[in-house]
Amino acid sequence: MIGRLLLRDLALLLPGSRRGGSILPLLFFLAVAMLYPFAVGPDAQLLARTGGGVIWVAALLAAILPLDRLVAPDLELGVFDQLALRGISEELVLAVRMAAHWLSFAPLLLLAALPAAALLSLDGQTLGKVLLGLLAGTPGLAAIGVMIAALTAGLRGGAALSGLLLIPLAVPILIFGAGSLSRPDGDGIALAAAISLVLVAMAPFAGGAAIRAAREG
Amino acid sequence: MQACHLSASNLACRRGDRLLFRGLDLALQGGEACHVAGPNGIGKTSLLRILAGLLRPFAGEVGRAGTLALLDEKPALDPQVPLAAALAFWADLDGVGPHDCKACADLVGLTELLDVPVRFLSTGQRKRAALARMQSQQAPIWLLDEPLNGLDTAGIALAECMVADHCAVGGIAVVASHQPMALPAPKTLELEAFIP
Numbered sequence: 001m002i003g004r005l006l007l008r009d010l011a012l013l014l015p016g017s018r019r020g021g022s023i024l025p026l027l028f029f030l031a032v033a034m035l036y037p038f039a040v041g042p043d044a045q046l047l048a049r050t051g052g053g054v055i056w057v058a059a060l061l062a063a064i065l066p067l068d069r070l071v072a073p074d075l076e077l078g079v080f081d082q083l084a085l086r087g088i089s090e091e092l093v094l095a096v097r098m099a100a101h102w103l104s105f106a107p108l109l110l111l112a113a114l115p116a117a118a119l120l121s122l123d124g125q126t127l128g129k130v131l132l133g134l135l136a137g138t139p140g141l142a143a144i145g146v147m148i149a150a151l152t153a154g155l156r157g158g159a160a161l162s163g164l165l166l167i168p169l170a171v172p173i174l175i176f177g178a179g180s181l182s183r184p185d186g187d188g189i190a191l192a193a194a195i196s197l198v199l200v201a202m203a204p205f206a207g208g209a210a211i212r213a214a215r216e217g
Numbered sequence: 001m002q003a004c005h006l007s008a009s010n011l012a013c014r015r016g017d018r019l020l021f022r023g024l025d026l027a028l029q030g031g032e033a034c035h036v037a038g039p040n041g042i043g044k045t046s047l048l049r050i051l052a053g054l055l056r057p058f059a060g061e062v063g064r065a066g067t068l069a070l071l072d073e074k075p076a077l078d079p080q081v082p083l084a085a086a087l088a089f090w091a092d093l094d095g096v097g098p099h100d101c102k103a104c105a106d107l108v109g110l111t112e113l114l115d116v117p118v119r120f121l122s123t124g125q126r127k128r129a130a131l132a133r134m135q136s137q138q139a140p141i142w143l144l145d146e147p148l149n150g151l152d153t154a155g156i157a158l159a160e161c162m163v164a165d166h167c168a169v170g171g172i173a174v175v176a177s178h179q180p181m182a183l184p185a186p187k188t189l190e191l192e193a194f195i196p
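Taken in order, these protein sequences are the chains called G and P. Sequential numbering of the first sequence, starting at 1, is according to this note's numbering. Sequential numbering of the second sequence, starting at 1, is according to this note's numbering.
No wet-lab data here; the hints were simulated from the structure. Every residue, glycine too, gets a C-beta built ideally from N, C-alpha and C. Hints may contain errors.
Claimed, not checked - If the Cβ cut is set under 8 Å, some of the chain G residues that face chain P in the computed set are:
id	residue
1	Arg4
2	Val79
3	Leu85
4	Arg156
5	Arg183
6	Asp187
Stated by the list, open to error - Which stretches of chain P does chain G cover? Using the computed rule of at least three CB atoms under 8 Å from a CB of chain G, they are:
id	stretch
7	45-55
8	60-70
9	75-85
10	92-101
Isolated chain G, as found in the complex (with noise of 0.2 Å):
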C-alpha cells in the first residue's frame, strides 16, 4: 500500500510528469545562481567566499515553489477522504508525500548544485561541503513543505501565504547548514541533520492534524 501511494505521489511530483512543473523550482534555483555574479561582479575571490550561502539561499527559495501542488489537489479532489474511508491514515500519506517530495527536488536539486558551483566559482571543498549540508538540510526543507502545504491547502491564497511561512521555519536550517561552510569541522551539518530529523518526524503528525482541521471547517 506505502508502495503505491509512493508511486502515485513520484508520478504527480517528479519532473516531466502530468501534475508537472517540478522542474521549475531548480531551472529558478540556477538562474539564482546565474543571476548573482552579474550583481556582485566578476570578483573570483568576492563570489568563492559568498557562493556557498547564496547556493543555500537558492535552495531554500526553490523549495517554495511546488508547495501549492503537493497537499491543495488532493484536498479538493477528496483523495484524503476517500483514503480515510480506507482507513490510511492522514499521517501516512503524508509521510509518503514527504518522501516523494523530497525525492522529486532533493536529487536534482544536488545535481543542480554542481553547475551553480562553477558560475559562483566555488572550490572542490567547498562544493563538497554545500553538496553535503544540502543532503543534511533538503530532508528538513521537505519535512517543512509538506507541513505548511497542509496547513495552507484549504485556504484562499494559500500558495503566497505558503512562501512566507516556509522561510523563518527554514531559518535554522539555513543557519547550520550553510554556517558549516565557514567552519573547518562539520558540526554545522551534523546540527542542520539533527534539525531535519526532528522536523521529518513531526511534520505528518502537523500536517495530518491540519488535514483533519480543514476537513472540520
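Since chain G is already given, all that's left is putting chain P on it; use the hints.
Frame of chain G, contents of chain P only:
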C-alpha cells in the same frame, strides 16, 4: 457479501454556531436502502460525512460493521491521468484485480473512454467514473451524496439499478438526494423532522 449494519443514535450535527439537526436515530441492516431527503442546506451532506466518520458528530454515536464507500461531489480521480489509471489506483488499494476494475468501467458505460485523461470527461462522465470507483471497491455500505447530479436519464437509471443490485446482494445504501430516486423499498429519513 459480508454481513453489515449501520446505526446511529441520537445524532446531532453543528456547523459553525448553527445546530443542523438533533436526536436523529437510524438503524440499517444488510439489504436495506435509506433515502435522506430534505431541502438544500438541511444537513444531508453533513449527515453522510458523519456516518462516514469524516466529520465528528456534535452529539450521539455511529456504529457500523463493514467497510464504507462514499460517493460525493468529489470524484477523487486524478484529472491528469487516463481514466483507466485513475481507477486502477483505487482498485489496487482495494485489492481488486484489473479485470474487475475494467468490468466496473464497462458497467457504467465508460469502456470507450478508459484512455482519456479524466480532465477531459464531462460532469456526467465523471459521475459515472466515480460510480465505477465505488462499485469496484466492493464495500458493503454505500453512502451516496446527490448521486444523480449531472447524470442523464440513462445515467439515472444506471445509478438506480446499481443501488438496487447492491441492496439485492445484501449491501446497505444511504442516499442523500433532493431529487426522487427509485430505490428498493427505501426507508425515508426526512431531515426536516429533526430540526431543533
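Which hints, by number, does the structure contradict?
4, 5, 6
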